[in-house]
Amino acid sequence: MTATSLTLETAQPQLDAGVDTYIVTSGIALERDAELMLRVREGCSTSFAQLLERHRGPVIHFLYRMVQNQAVAEELAQEVFLRVYRSRGTYEPTAKFTTWLFRIATHLALNAIRDGKAEKNKESLDNEQADGAVRQVADRKLSVEQVLVNQVKVDEIRRSIQSLPDKQRSAVLMHKYQELEYSQIAKVLNCSESAVKSLLFRAYETLRSKLAHFS
Amino acid sequence: MKCPVQSGGNAEILLDYCAHSLDAQRAALLEQHMVECADCQAFHDAQSALWTTMDAWPSYPEPPDFDRKIFAQIAAETHQSRWRQWRNVIETAHMQPAMPIVGACLAVLAGLLFQTTRPAAALGEPPMHAEFRVEPSDVEQAESTLEDLEMLRRLPSVAASRNTPENSL
Amino acid sequence: MSPRSLRRTAVVLAAALGGVLGTAVYAQRRAVKSMPAVERLRRMTPDQRRRALAELPPARRQATEQWLANWEKMTPDERRQLTRRYENFQQLTPERQQELRGVYHDYQLLAPARQTAVSAEAARLRKLSKSERLKELHSDAFQGRYSTPERDILEKLARTD
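Residue numbers (our numbering), protein chains in the order written: chain A, 53 to 267; chain B, 471 to 639; chain C, 69 to 229.
No wet-lab data here; the hints were simulated from the structure.
The structure displayed is predicted, hence computed values, not measured ones.
Where hints are given, some of them may not hold.
With a straight-line Cα cutoff of 30 Å, these simulated DSS-like cross-link-like pairs (lysine-lysine) come out [said to hold, decoys possible]: (1) A:Lys-205 x A:Lys-262; (2) A:Lys-262 x B:Lys-472; (3) A:Lys-205 x A:Lys-148; (4) A:Lys-262 x A:Lys-239; (5) C:Lys-224 x C:Lys-198; (6) A:Lys-239 x C:Lys-224; (7) C:Lys-198 x C:Lys-141; (8) B:Lys-472 x A:Lys-239; (9) C:Lys-224 x C:Lys-203; (10) C:Lys-224 x C:Lys-195; (11) C:Lys-203 x A:Lys-239; (12) A:Lys-205 x B:Lys-472; (13) A:Lys-239 x C:Lys-141; (14) C:Lys-195 x A:Lys-148.
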């Protein structure tokens, strides 16, 4: 559904429609997130709670995979949403909300990595993975062997992705796990769409060679 | 169809196909091409295997008190900004000439109260000088200004500076 | 030396001293006006500053201390120039400010040798007129010399409309 197809005075607001639908008010079609954000600008905290509900998970998961440390990822995700809230007064729906959100998240994650927060990753991840393994055994009744094999696999994926250059890593995580479009990734990374495609191509090429033994 | 692997120009079509995000029409064309093209078939097999392998990295449970922490932080910041608003009102209400006198009176009063109520054991760290007391939002403002200054210091400038602001630095 | 030339020398020296002091005071005042929070932080004693910055998470605190140290190390003249750039930056649209932050982010991702090359190119481009700069940016030689992200950085820095 395109924005222009809904710019009709007669169209009704679709406040509870799905993620990809648009809301129409006074003849202007807006992405639902943008509409919510404009309400946040007017002081509506319920709309901010809705934005949190919609984007909390993707942002946390993206940051987790970027910094590979649960505590740091949570701290950064909090900061992402606080920055969104603090910017409400000057918000204008000029770009897709998720693009803006992931731009802030990527910026914070790369800063955290640069500042050395990621140095503590190893220990933290080992603890988290051990906890995860215990959960898997308890919850899914997998054999200890299956869990260990899976853990080795995840660990290799994690390390292979971590070894990618910052931009390639960000692009792969947004493409594979967040399913962002090339144009969105380009805006997040401040580069052209063709540059994103080339980044992804190189990154997947590296990953294919590093993780080939799992296929 | 131009071979995505050989031409290199539209290689993303293979990535999209393996990510199941290619439209049906182009997917059909690619499938047709792959029947005859060993390079594309090999690429497809390797990329699909990678795609499946990468699915093994799970998502993690969201922290249960995430929203609560954010709203608590927002409430704290709102409280601070209200206090700042009050301070601005006082500062802009043409009361500046009286402020030193009011400040001096308050300081004397506070000093008297402090002298009469301070227990001997409460002598801890000296308080921060009142002139330099900063609120958390001030620290954040300083942080972001310094970050921008650092950026401007290190980032090369291309456009020559002019008196009127433009989109350049 | 005649009394007249002595007087003249004294006047010149006084004017030079006044100029230097005036520039320093002007730079300081301008910085205070443009960046009150930074100046408050700067005027604190080390202990006061430590307590003020303790509110930030460790990594951010460390970075802020480093940036502040960089600012302190500058000469008054460098500080005045940077303050002017900051004031210009403050007057840009939020979108353009964000774009430049993104450019800086990309610039930091370049290897040190490439950063030097991009900086040198920026300095070269600065000497050209706007039309010459545009012509240069679209030339084959330029396209061949720099990678896509490097060209992107230089093009965005050079954009004036």
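Exercise. Does Lys-472 of chain B lie within 30 Å of Lys-262 of chain A when you go C-alpha to C-alpha?
Worked result: Holds - the C-alpha atoms of Lys-472 of chain B and Lys-262 of chain A are around 29 Å apart, at most 30 Å.
Problem set entry | Restraint check for Lys-472 of chain B with Lys-239 of chain A, where alpha carbons must lie at most 30 Å apart | The given pair, whose Cα atoms are some 28 Å apart, holds under the 30 Å limit.
Problem set entry | Distance restraint between Lys-262 of chain A and Lys-239 of chain A, which requires alpha-carbon spacing of 30 Å or less | Roughly 28 Å between the alpha carbons, so the hint for Lys-262 of chain A and Lys-239 of chain A holds.
Problem set entry | Holds or violated: Lys-195 of chain C to Lys-148 of chain A, with C-alpha atoms at most 30 Å apart | Given that 30 Å is the threshold and the Cα spacing comes to 37 Å, the pair is violated.
Exercise. Between Lys-205 of chain A and Lys-262 of chain A, does the CA-CA distance stay at or below 30 Å?
Worked result: Holds: Lys-205 of chain A and Lys-262 of chain A sit about 12 Å apart, inside 30 Å.
For this session: Sort out whether Lys-141 of chain C lies within 30 Å of Lys-239 of chain A, counting only the CA atoms.
Result: 36 Å, violated
Problem set entry | Lys-239 of chain A paired with Lys-224 of chain C [C-alpha distance capped at 30 Å] | 13 Å, holds
Exercise. Given the hinted pair Lys-224 of chain C and Lys-203 of chain C, is their alpha-carbon gap at most 30 Å?
Worked result: Since the Cα atoms of Lys-224 of chain C and Lys-203 of chain C sit roughly 15 Å apart, the hinted pair holds (cutoff 30 Å).
Exercise. Keeping to a limit of 30 Å between CA atoms, is the pair of Lys-224 of chain C and Lys-195 of chain C held or broken?
Worked result: Roughly 17 Å between the alpha carbons, so the hint for Lys-224 of chain C and Lys-195 of chain C holds.
For this session: Quickly compare the C-alpha distance for Lys-198 of chain C and Lys-141 of chain C to 30 Å and report which way the hint goes.
Result: At roughly 34 Å apart (the allowed maximum being 30 Å), Lys-141 of chain C and Lys-198 of chain C break the hint.
Exercise. Straight-line Cα separation of Lys-203 of chain C and Lys-239 of chain A no greater than 30 Å?
Worked result: 25 Å, holds
Problem set entry | Proposed proximity, Lys-472 of chain B with Lys-205 of chain A (alpha carbon, max 30 Å) | Violated - the C-alpha atoms of Lys-472 of chain B and Lys-205 of chain A are around 36 Å apart, more than 30 Å.
Hints 3, 7, 12, 13, 14 from the earlier list are contradicted by this structure; the remaining hints agree with it.
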